[in-house]
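Engineer: These protein sequences, in sequence, are chains A and B. Going by the working numbering, 48 is the number at position 48 of the first sequence; the sequence numbering is gapless. Going by the working numbering, 62 is the number at position 62 of the second sequence; the sequence numbering is gapless.
Keep in mind that the hints are not guaranteed to be accurate.
[What the hints assert, rightly or not] Below, in silico cross-link-like pairs of lysine to any residue (SDA-like), each with a Cα-Cα straight-line distance of 25 Å or less:
#: 1; chain 1: A; residue 1: Lys113; chain 2: B; residue 2: Phe291
#: 2; chain 1: A; residue 1: Lys113; chain 2: B; residue 2: Leu44
#: 3; chain 1: B; residue 1: Lys199; chain 2: B; residue 2: Phe215
#: 4; chain 1: A; residue 1: Lys113; chain 2: B; residue 2: Ile288
#: 5; chain 1: A; residue 1: Lys161; chain 2: B; residue 2: Leu194
#: 6; chain 1: A; residue 1: Lys161; chain 2: B; residue 2: Arg223
#: 7; chain 1: A; residue 1: Lys113; chain 2: B; residue 2: Val40
#: 8; chain 1: A; residue 1: Lys100; chain 2: B; residue 2: Phe215
#: 9; chain 1: A; residue 1: Lys100; chain 2: B; residue 2: Pro29
#: 10; chain 1: A; residue 1: Lys8; chain 2: A; residue 2: Leu21
#: 11; chain 1: A; residue 1: Lys103; chain 2: A; residue 2: Leu21
[Said to hold, decoys possible] A few chain B positions that, by computed beta-carbon distances, are all more than 12 Å from chain A:
#: 12; residue: Thr74
#: 13; residue: Pro76
#: 14; residue: Leu87
#: 15; residue: Ala159
#: 16; residue: Met204
#: 17; residue: Val280
Keep in mind that the hints were calculated from the coordinates and are not lab data. Quick caveat, the model's predicted, so the values are computed rather than measured. We put the CB at the ideal spot given by N, CA and C, even for glycine.
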Amino acid sequence: METTLRAKLLMTVFAWTVTLLIFFPIFWMLVTSFKTEVEAVATPPSLFFEPTLENYDAVQERANYIRFALNSIGISIGSTLAALAFGIPAAYAMAFFPTKRTKSTLLWMLSTKMLPPVGVLVPIYLLFRDTGLLDTQIGLVIIYTLINLPIVVWMLYSFFKEVPGEILEAGRMDGPKPRQELWMLLMPLALPGIASTGLLSVILCWNEAFWSLNLTASQAAPLTAFIASFSSPEGLFWAKLSAASTMAIAPILIIGWLSQRQLVRGLTFGAVK
Amino acid sequence: MTLALTRRNLAASNPGSERRVRTLPLIAPSVAVLLVWMIVPLALTLWFSFQRYNLLNPMLTGFAGLDNYRYMLTDPALWTAMTNTLLLVGWVLAITVVGGVLLAVMFDQEFFGRGIARLLAIAPFFVMPTVSALIWKNLLMHPVNGVFAWIANSIGIGAIDWFGSIPLTAIVLIVSWQWLPFALLILLTAIQSLDNEQKEAARMDGAGPFAMFFFITLPHLSRAISVVIMIETIFFLTIFAEIYVTTSGGPGLASTNLAFLIYLRALLDWDVGGASAGGVLAIVLANIVAFFLVRTIARNLQT
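In isolation and in its complexed conformation, chain A is listed as follows (with noise of 0.2 Å):
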C-alpha cells in the first residue's frame, strides 16, 4: 500500500512539473499583464511586484478595445447561429432518415472543408472588394459559417444519432407532423448536443486568424487582428499585449474548458469516440 502512495506521489509530482511547464506561458502573460511596461521587460524578470491595473484601462480607453471584442462577439455569434440554422435540419435528416447517399453526402461536405483557405485567398479578397463585403461582420460571418458548417453537421449528427430512436417511434404513434417532432420530442434530448456543437463553432470562429487578417482593416476588425496590431516595432508594450490577450483568451478559455470533452468528438469528425 505504501508503495502504491509513494508512486502516485511520485507520479503527482512528476505530473505537475509537465503541466506547469505547459501552462507557463499563460501564466507568466497574466503575471505579466499586471506589471507597469518598465517591470514587464525588466531581466532578471521581476516576481515580486505590486499587481497594477493601469494595463487593463489603457487598452480599453487607447485602443478601443471594446469595439474589437464586440465585432468578435457578432462574428462569433453570428456565424454560429447561421450554421446551426443551416446544420441542424440537415443532421436531423440524415441521422434520423437515412438514404444510400447520405454517408456520401457527409463525406464530401466534410471534404469542402479540407480546401486550404490560400488556395482560395485571391478570388474571395477580390469578390470581397467587389461586392464591398470587405471589412465587414457580415462578410466574416459569412465565411465562417461556410468554413464551420461541415463541422457542424458532423458533430450535430453524431449526437442525433444517440438519441434512441424508439422516442421517436412513440412521437410518431401519436401522429405529429415532422417538424412537431423535431421540436417538441428532439429537442430536449438533442439540446445538450446542440450547446456543444455552437461552443465548438464559436471557439472556432473567435480564435480565426486567416481570413480576419486578410479580410479586414479597421472597423470590423475582431480581436485576432486587434492583437496581431502588437507586432509592429512601435507598438511593443509587453504589459499592454499581455493584458489585452488575458482579455481576448479569457472567455474562450472557459468554454474550452466546459465543453473539453465533447469537443474530441467534433475535433475529429466522431473518428475518435
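Chain A is already provided as a structure; the job is to place chain B on it using the hints.
Structural biologist: Leaving out everything else, chain B in the frame of chain A:
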C-alpha cells in the same frame, strides 16, 4: 448496435416514412451553400491562374497559358517555401504526436489534482494564434528581455536570437505548443476507451510497463494517431498567423511557407495570376492528404 437495429425496425415498421418525411428541403440548403463555396472560389482560382492579371498593372491582361505556372515553378522562392512548409509540418507533427502520446499516457495514470492539471495542459489549444505567437515572441523568446534569454544567460550558455538566427525552429516551437493539447485531448480520449480487462490480462501474463505500452497501448492508439496526423497536416500545410505576426516570413525567406508566399504574391505584389497558380498548388497538396483522411473517416462511419 442496438440503436442501429432500433432505427432499422423503425423504418421497417413505418413503411413509407422516408417518403412522407421529405428530407431534401432539410439537407438542400446546406449542400447548396457548400457547393457554391466549393465551386466558385475554386473555379475563379483556376481561371485566374491562367490569366495575366496584376492589380498594379491594369494594362497587363489576357490569357497567360501556363506562364504563371512556369514562372512559379522556376521561382527559387517556391522551393524555399516548399522546403519550409515540409519542415514545419514534419517537425510539428513529430513533436505533437510523440509528445501527445506521452502526455496521454501520463494523464491516464492516477495522480493528485489530475482533473485540474488536465485543464491547464489543454489550455494552449484555446489561445488564439496571434496571442500565442506574440506572447512567445516577446515575453519568452526575446533575445534580451525574454524569459528564455534570462535562463540561458543564468546557466551560461548565452541567449539565442530565436527569430533572427533560427526563425523556423521558433515557429515550430510555437505551433507545437498550440497543438500538443489537441493531440493530448484526442489521444487521451482514445486511451481511456482501452479495455481494462485487456490491460489486466496482459499484466497477469507478466507484461511490464514498457511491454504494455508497445504491445497494447500503442496499437490501440494507432487509428487515433493517424487521425491526429491527418487533421494536423491539413492545418499545418497552411500555417499563416504565427508567421504573419512574428517574422513576416523572414529574415529573407527563411520562414516563408507556401501559404505565406501566396499571401506575399497576392496582397503585397498584387500578382493575382501568380498567386492563383500558387493557390492551385496548395489545393493539390492538401487534397493528397485529404484523400487519405476522408478514407479513414469513411471506414469508421456507420450510417
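Engineer: All hints are to be evaluated individually against the structure, with a verdict given for each.
Structural biologist: Quick rundown of the hints versus the structure:
1. A/Lys113 to B/Phe291: Holds. A/Lys113 to B/Phe291 sits at ~12 Å (cutoff 25 Å).
2. A/Lys113 to B/Leu44: 18 Å, holds
3. B/Lys199 to B/Phe215: 10 Å, holds
4. A/Lys113 to B/Ile288: Holds: A/Lys113 and B/Ile288 sit about 14 Å apart, inside 25 Å.
5. A/Lys161 to B/Leu194: 23 Å, holds
6. A/Lys161 to B/Arg223: 22 Å, holds
7. A/Lys113 to B/Val40: Distance ~15 Å between A/Lys113 and B/Val40 Cα, so the pair holds.
8. A/Lys100 to B/Phe215: 39 Å, violated
9. A/Lys100 to B/Pro29: 19 Å, holds
10. A/Lys8 to A/Leu21: Holds, at roughly 20 Å.
11. A/Lys103 to A/Leu21: 43 Å, violated
12. Thr74: Holds, because the least Cβ-Cβ distance between B/Thr74 and chain A comes to about 21 Å, which exceeds 12 Å.
13. Pro76: 20 Å, holds
14. Leu87: 18 Å, holds
15. Ala159: Check fails; 10 Å does not lie beyond 12 Å.
16. Met204: Since the minimum Cβ distance to chain A is about 18 Å, B/Met204 lies beyond 12 Å and the statement holds.
17. Val280: 7 Å, violated
When each numbered hint is compared with the structure, violations occur for hints 8, 11, 15 and 17.
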